[in-house]
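One line per chain: the protein sequences are F and U, in this order. First residue of the first sequence: 1, per our numbering; consecutive thereafter. First residue of the second sequence: 1, per our numbering; consecutive thereafter.
One thing to keep in mind: the hints can contain errors.
Said to hold, decoys possible - Which stretches of chain F does chain U cover? Using the computed rule of at least three CB atoms under 8 Å from a CB of chain U, they are:
#, region
1, 3 to 14
2, 17 to 25
3, 36 to 50
4, 92 to 104
As the list claims (entries may be wrong) - Examples of chain F residues lying across from chain U (beta carbon under 10 Å, computed):
#, residue
5, Val29
6, Asp32
7, Ile56
8, Asp61
9, His62
10, Leu74
Hints in this document: simulated from the structure, not taken from any laboratory. What you are looking at is a predicted structure, and each value in this text was computed from that prediction instead of being measured. All C-beta atoms in this analysis are idealised placements derived from N, C-alpha and C, irrespective of residue type, glycine included.
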Amino acid sequence: MPYVVDTVEVTPQLLALYLEAVKTVGLAVMTDAGARFVSCATTSIDVGENVDVQIIWFFDDHDQWNVIRRNLVLDPRWYEYAQRTAALRRGGTRRIYHPVAFSSS
Amino acid sequence: MIRRFEIYSVQAQAPDRRVLALETACRRCGQFIPEVLHTAVGWNLSDAPAELVWEHAFDSAETYRRYMVHPYHADVLDRYLLPDSPERVVADNDLRAGLVGYACDGPVFVMAGGVRRLVLLRVGRDASPTQIDHLVSVLGDAPAEVDDLTLSVAGANTLGSAWFDAETPIGGRPFWGYLWEQGFRTGDALDAYLDGPSALALAERREWKGIMDDIVEAAVSVHYVIDAPRPQPG
């Protein structure tokens, strides 16, 4: 079962706004499209550097991801979510991970 | 066969290394997804609001669907393309032609090199099938009239709405209903056509007004040197 892992850099000042966007818009958009939410976590906030936010989703396989992507493309909220979060982040990465055999999840 | 184009603007602030990564990912797509054929990347030289053009093709709707679910598509290409990806390098634009394509009987679009031009045509809703057939026929026969034109293929933009599986339309009618793909040996040959005396060049300069029963309401084009690297600023 693959995981979509977004690791996003935000400044501490914008962290709350970023998390609010994920919580109030991103969760609904992604889960309505068919992705399943795994976790959202951050690095430490008060350590004098920008914060990494890691958001993880999972899906059954790439056939399902193709359907999820179609659903996202057809959902106007996705574009609003993308614009809102793009304005709040400094950078980041997106990677898709596949669990190894000895991993339980 | 399915001929397909993805056409993108690039974010002004996108890091060069990431733009190069997208360009490379498009160029190498066929190495990882064998169903993706005739891949080439070009950088638009026209005034249209687009920069990167990725041209490619598929043998059938079935092979297109295999491309859609291939891990390389989601894991690599989408990294730089999807609006919510933190690594997105492309930008929204007003072209309304992010993904377009048409069906053809074989690889009639193949060129060894040179300049590719893609004209996007908006045909009026009132145009009859006969008028549309005539338009497509005239455009397809253009090399017989225009010396500088080495290749000319026209077809309905079926992928503009059937982008999910190459068969089922999703959403409404695409803004650009027809595509006219042209080939030229050089940029000078393209300029010679555009400035030349042919009826089609004249139609383009007149923005299709008073020609072909006025069924073409709007047109825009991109053109690029096939597989040329990204032009450097300045």
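The hints, checked one at a time:
1. Judged by the Cβ-Cβ criterion of 8 Å, the region 3 to 14 of chain F is covered by chain U as claimed, because 3 of its residues qualify and three suffice.
2. Given as covered by chain U, the region 17 to 25 of chain F fails the check, having 0 residues with a CB less than 8 Å from a CB of that chain where 3 are the minimum.
3. Residue count for the region 36 to 50 of chain F with a Cβ under 8 Å from a Cβ of chain U: 0. That is fewer than the three needed, and the coverage hint is violated.
4. For the region 92 to 104 of chain F, the stated coverage by chain U holds: 5 residues have a C-beta nearer than 8 Å to a C-beta of that chain, and at least 3 were required.
5. A hinted interface residue such as valine 29 of chain F counts as satisfied when its beta carbon comes closer than 10 Å to some beta carbon of chain U; here the least separation is about 8 Å, so the hint holds.
6. Interface restraint check for aspartate 32 of chain F: the shortest CB-CB distance to chain U comes to about 14 Å, outside 10 Å, so the restraint is violated.
7. With 10 Å as the threshold, the beta carbon of isoleucine 56 of chain F stays out of range of chain U, its nearest partner Cβ sitting at about 13 Å, so the hint is violated.
8. Because the beta carbon of aspartate 61 of chain F sits about 8 Å from the nearest beta carbon in chain U, less than 10 Å, this interface hint is met.
9. Given the 10 Å rule on beta carbons, the hint for histidine 62 of chain F holds: about 5 Å separates it from the nearest Cβ of chain U.
10. With its C-beta approaching chain U no nearer than about 7 Å, leucine 74 of chain F sits inside the 10 Å limit, and its interface hint holds.
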